[in-house]
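Spelled out, the chains give:
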Amino acid sequence: MDTGQSFVFPNELHITWTVMIVLYPYITGMVAGAFIVSSFYHVFGMEKLKPIARYALVSSLAFLLFATVPLLNHLGKPDRALNIIVTPNFNSAMSGFGFIYMFYMLIVILEVWFSYRVDLIEKYNNSKGIIKTIYYVIILGNTYDNEITRKYDRRFVTVLAGFGIPVACVLHGYVGFLFGSIKANLWWSTPLMFIIFIFSAIVSGLAVLIFLYQFVHWKRKLKVNQDSLDLMAKWLWGFMIIAVVLELMEVLSIAYERTERWAILEQLISGKLKFSYVYMQIGLFSIVPFLMLTVTSLIKINIKLKNFLIWLSSGMLLMQVLLMRWNVVIGGQLVSKSMRGFTEYFPGYFNKEGIIVSFLIILIPFLLLRGFDKLFPFFEKKEKLDKVK
Amino acid sequence: MEKIDRRQFIKLGIYTTAGVLVGSFFAFAKNDDKIEVKSYDDLLKFDWGYVIDTSKCIGCGACVRACKIENGVSEEYFRTWVERYEIRKDGKVWVDSPKGASESFKQNDYPDSTEIGKAFFVPKLCNHCYNSACTQVCPVGASFESTDKVVLIDKKRCVGCGYCVQACPYGCRYIDEEKGTADKCTFCYHRIHKGLPPACVNACPRNARIYGNLKDPESKIRKILNQRRYGTLKTDLGTNPKCYYIELDMEIK
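Chains as they are written, first to last, in this note's numbering: chain G, 1 to 389; chain S, 1 to 253.
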């Protein structure tokens with residue numbers, strides 16, 4: 001077969017899954033990743049992560065509440081979205097979505113509630129009027145707070161976090177499975193896909209936590225907990241190595257097999273995805289943070305510089321994961337199923353599924369997170385004593 | 001021999017022409033399967049299939065136009081389309097389908113077109129696979145296989161997620177942007193049960209498109225499949241398609 005010319009099937013001139021479907025796995029990735037990080041403390045007892053455990057959990061909730069927004073914006077018939085629960089076709093991998101999502105939401109909400117019960121009771125006691133009523137509803141009218149209730153709260157949190165880890169992996173690994181199981185798509189169809197998605201989720205979860213943690217502390221002029229930060233940076237370093245190696249191994253194995261599909265995927269990588277995949281995702285946003293995190297993890301350097309490098313790496317890895325989602329979701333659809341050419345895609349600026357809306361969708365969970373801080377304070381009060389004078 | 005006058009000659013000519021026309025109408029009539037569907041059990045007697053004879057198609061695009069009119073298909077998308085394959089003597093392949101061939105084909109700007117070794121047209125449409133990937137992945141069960149083995153979409157149930165569009169290896173599905181739901185060829189389901197051929201079959205001037213009941217050993221389609229060599233598209237994916245291509249070239253994907 002010689003693809004001297006580019007041909008796509010007439011129905012492939014428009015791609016079906018737009019940038020909204022890029023954002024969905026990006027947001028759920030952060031949800032799952034942040035949750036798993038919070039569980040490191042709750043389940044595995046990593047004391048060093050205690051200062052960020054609750055903040056990680058609340059972040060997870062903020063992103064989770066918005067994960068379905070890009071999907072609803074994308075659906076041709078959003079008013080029928082609940083059909084997925086009302087009339088599910090269990091032969092379809094996607095039909096499990098509603099159930100997994102709801103189950104996970106339940107776990108996260110319960111865990112947040114148990115984690116913050118003591119704080120909420122305190123807020124209830126200290127507030128007046130309608131605010132007091134709101135808190136009364138949130139704590140479900142239960143104002144008991146003593147050593148025994150606290151012990152049970154902790155126990156519930158541990159159990160929920162324990163349940164949550166596999167569910168978080170399922171939630172996100174399952175998104176990877178949705179792509180990886182599409183045999184019709186040459187770029188997606190690989191059993192490695194869901195594993196890659198789980199690892200990239202943990203990378204994005206760690207990265208967003210580190211990024212925001214440092215940003216909030218810098219903004220509020222608070223001192224960061226260096227032990228927590230160092231540990232998270234090391235985890236980020238480790239997980240990003242695994243994620244990137246898996247991403248490369250996937251392509252390598254296709255290349256090495258040299259089956260029919262490599263002929264066209266080779267052109268995809270060296271053509272349409274050359275900039276976003278080779279130069280950006282792998283080159284700039286994987287290798288550079290890898291080198292920086294290698295330095296911060298292995299070499300003793302000035303704390304300020306080190307923290308800056310960690311912060312920069314986490315920001316870059318957030319971009320790396322976004323690029324990875326783009327290159328998977330959009331890249332896969334650029335290849336024609338005729339195996340003879342590529343289609344084009346640009347989301348447009350002001351479209352319903354365009355760039356402006358995408359930015360808003362990404363931004364809103366962060367704003368929500370800011371609002372959540374009022375309700376569920378992220379960081380322990382003790383830390384405020386460390387305020388830089 | 002008795003000489004015939006002019007009037008008799010014209011009369012004979014008219015009768016002969018009319019005879020040939022009426023005769024050919026019956027001889028080439030495309031709805032050779034008598035159909036009567038009154039109950040569910042009647043549906044069980046059918047398994048609709050499709051044969052495409054790539055050696056007959058001339059790329060006129062009448063089928064594409066007929067389909068668009070019959071089914072109200074928007075200009076940008078296609079329930080059926082025709083591809084043109086031009087294979088050069090040095091083995092290079094040129095494939096195109098401008099506007100799905102709805103305006104037929106024009107001479108293309110393929111370099112050294114004089115060097116073309118062989119060329120042919122290939123109509124494409126939904127394969128109504130026995131083991132269809134699209135019905136498997138539909139999360140709400142809107143895409144389904146009918147009792148008489150036609151893959152259909154329940155437009156009142158479809159959420160427009162596009163998963164089926166991704167899953168179809170043949171590029172036969174699309175999201176109808178106006179309605180927000182998935183769409184594709186139905187074999188003109190509203191016609192075949194009245195004994196009428198699908199619009200594309202009806203429009204084809206070369207009988208390159210043949211449809212029929214695969215369960216009926218006497219059907220035209222079954223007889224063709226028993227006599228000719230054929231292939232299906234992307235057999236390695238295990239979808240088990242029901243569009244059978246006569247003279248399927250290896251370049252056709």
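Think of the hints as simulated: they come from the structure by calculation, not from any bench.
There could be a bad hint or two in this list.
Derived pair list, reagent style BS3-like, types lysine-lysine, alpha-carbon separation capped at 30 Å [what the hints assert, rightly or not]: (1) S:Lys156 / G:Lys128; (2) G:Lys77 / S:Lys89; (3) S:Lys155 / G:Lys352; (4) S:Lys106 / G:Lys183; (5) G:Lys48 / G:Lys151; (6) S:Lys253 / G:Lys352; (7) G:Lys352 / S:Lys179; (8) S:Lys89 / G:Lys183; (9) G:Lys352 / S:Lys99; (10) S:Lys215 / G:Lys274; (11) G:Lys77 / S:Lys156; (12) S:Lys92 / G:Lys274; (13) G:Lys274 / S:Lys68; (14) G:Lys272 / S:Lys45; (15) G:Lys183 / S:Lys156; (16) S:Lys234 / G:Lys183; (17) G:Lys272 / S:Lys156; (18) S:Lys3 / G:Lys183; (19) G:Lys272 / S:Lys99; (20) G:Lys77 / S:Lys179; (21) S:Lys234 / G:Lys272; (22) S:Lys68 / G:Lys352; (23) G:Lys77 / S:Lys92; (24) S:Lys89 / S:Lys68; (25) G:Lys77 / S:Lys99; (26) G:Lys77 / S:Lys38; (27) S:Lys92 / G:Lys183; (28) S:Lys118 / S:Lys45; (29) S:Lys149 / G:Lys272; (30) G:Lys272 / S:Lys215.
Violated constraints from the hint list, given by number and in increasing order: Result: hints 1, 2, 4, 6, 8, 10, 13, 14, 17, 18, 23, 24, 26, 28, 29, 30 break, sorted rising.
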